[in-house]
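Asker: Model the full structure from these sequences, guided by the hints.
Under our numbering, the sequence shown has 78 at position 53, and the numbering climbs by one with no breaks.
Don't read these hints as lab results, they were simulated from the structure.
Incorrect hints may have been included.
Stated by the list, open to error - Okay, derived cross-link-like pairs now, DMTMM-like style, lysine to aspartate or glutamate, Cα gap no bigger than 20 angstroms in a straight line:
id: 1; residue 1: K148; residue 2: D192
id: 2; residue 1: K226; residue 2: D188
id: 3; residue 1: K245; residue 2: E255
id: 4; residue 1: K124; residue 2: D188
id: 5; residue 1: K148; residue 2: D188
id: 6; residue 1: K124; residue 2: D111
id: 7; residue 1: K229; residue 2: E241
id: 8; residue 1: K231; residue 2: D192
id: 9; residue 1: K148; residue 2: D133
id: 10; residue 1: K231; residue 2: E241
id: 11; residue 1: K101; residue 2: D68
id: 12; residue 1: K144; residue 2: D106
id: 13; residue 1: K144; residue 2: D133
id: 14; residue 1: K209; residue 2: D192
id: 15; residue 1: K144; residue 2: D192
id: 16; residue 1: K124; residue 2: D106
id: 17; residue 1: K209; residue 2: E241
id: 18; residue 1: K144; residue 2: D188
id: 19; residue 1: K245; residue 2: D192
id: 20; residue 1: K148; residue 2: D106
id: 21; residue 1: K226; residue 2: E241
id: 22; residue 1: K124; residue 2: E139
id: 23; residue 1: K101; residue 2: D133
id: 24; residue 1: K124; residue 2: D68
id: 25; residue 1: K101; residue 2: D111
id: 26; residue 1: K226; residue 2: D192
id: 27; residue 1: K229; residue 2: D254
id: 28; residue 1: K231; residue 2: D188
Since the model is a prediction, treat every value here as computed from it, not as a measurement.
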Amino acid sequence: MKKMAGVAVMMGAALVAGCNSKNNSQENKPGSGARNVIFFLGDGMGLNTLTAARIYGVGEEGSLTIDTLPETAFIKTFSHDSQVTDSAPSMSAYMTGIKSNNGVISMDSNATQESNCSKSAGKPVTTLLELAKAAGRGTGVVTTTRVTHATPAATYAHLCNRDLEADIAAQLVPGGAGYNSALKGGVDVVLGGGSSFFLPKADKGKREDGRNLISEMQAKGYQFASNLDELNKA
Numbered sequence: 026m027k028k029m030a031g032v033a034v035m036m037g038a039a040l041v042a043g044c045n046s047k048n049n050s051q052e053n054k055p056g057s058g059a060r061n062v063i064f065f066l067g068d069g070m071g072l073n074t075l076t077a078a079r080i081y082g083v084g085e086e087g088s089l090t091i092d093t094l095p096e097t098a099f100i101k102t103f104s105h106d107s108q109v110t111d112s113a114p115s116m117s118a119y120m121t122g123i124k125s126n127n128g129v130i131s132m133d134s135n136a137t138q139e140s141n142c143s144k145s146a147g148k149p150v151t152t153l154l155e156l157a158k159a160a161g162r163g164t165g166v167v168t169t170t171r172v173t174h175a176t177p178a179a180t181y182a183h184l185c186n187r188d189l190e191a192d193i194a195a196q197l198v199p200g201g202a203g204y205n206s207a208l209k210g211g212v213d214v215v216l217g218g219g220s221s222f223f224l225p226k227a228d229k230g231k232r233e234d235g236r237n238l239i240s241e242m243q244a245k246g247y248q249f250a251s252n253l254d255e256l257n258k259a
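Answerer: Structural data, given as structure tokens:
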């Protein structure tokens, strides 16, 4: 299949490159187990949000699709250093099984949020997406926010500070400075917003290092789409 990775330009965009992954050749035979894993996260979606959606959508006595699922569970969402988590350690906990400090993306509890990560301790911890890449599976990150936002970033990046989004973006570029080598040949689908963190200031972006990460990814075989027609072609 063609490997799709999406980044963002203006409101949204996508990048595409060629690859093969094990899940494309497997048939979904009865008893063979799950062929794919899709992890959905509603950022900040708790019981109050679900209740409001249910009342609005189907009435108090109605059922949302999520209400019909065979298994339901409650989890404790506190971070390592706070009773109230933020998106970075929350998604990191989902992706790694490790509770980190607020502001920290997919690193252990020794990592502290710093403006300069050389002042932070801690080590990266393996994410679910990285495990999938290690197994040779196709992977993707799709978001309604910036690709570099803390929630999607926790699937593919490791950083002491969620606000360093230019550094987070660099972790997606195969072979480039700051690349997360655990992603092997790269994430197959990355789709969302936040192109400014992939573009230099000269191209109306926010990168101060002059790098155009979109061009760098295209040089690695990715196709780029910034509108629906381009995405359909990809």
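Asker: Check whether the Cα positions of K226 and D192 lie no farther apart than 20 angstroms.
Answerer: Within the cut-off at roughly 15 angstroms; holds.
Asker: Taken at face value, is the distance from the CA of D133 to the CA of K144 at most 20 angstroms?
Answerer: 15 angstroms, holds
Asker: Is the straight-line distance between the alpha-carbon of K226 and that of E241 20 angstroms or less?
Answerer: 16 angstroms, holds
Asker: Does K148 pair with D192 here, judged by a C-alpha cut-off of 20 angstroms?
Answerer: 16 angstroms, holds
Asker: With a cut-off of 20 angstroms on the C-alpha distance, tell me whether K124 and D106 pass.
Answerer: Holds, because 9 angstroms separates the two Cα atoms, which is no more than 20 angstroms.
Asker: Is K231 within 20 angstroms of E241, Cα to Cα?
Answerer: 16 angstroms, holds
Asker: Has the given pair, K231 with D192, been kept, meaning a C-alpha gap of at most 20 angstroms?
Answerer: This hinted pair holds, its Cα atoms lying about 11 angstroms apart.
Asker: Does D133 lie within 20 angstroms of K148 when you go C-alpha to C-alpha?
Answerer: 6 angstroms, holds
Asker: Below or equal to 20 angstroms on CA atoms is what counts here, so check K124 against E139.
Answerer: The given pair, whose Cα atoms are some 17 angstroms apart, holds under the 20 angstroms limit.
Asker: K144 and D188: Cα distance at most 20 angstroms?
Answerer: Holds, because 15 angstroms separates the two Cα atoms, which is no more than 20 angstroms.
Asker: Assess, step by step, whether the Cα of K245 is no farther than 20 angstroms from the Cα of E255, and give holds or violated.
Answerer: 18 angstroms, holds
Asker: Quickly compare the C-alpha distance for K124 and D68 to 20 angstroms and report which way the hint goes.
Answerer: This hinted pair holds, its Cα atoms lying about 17 angstroms apart.
Going down the numbered hints, you'll see the structure goes against just number 27.
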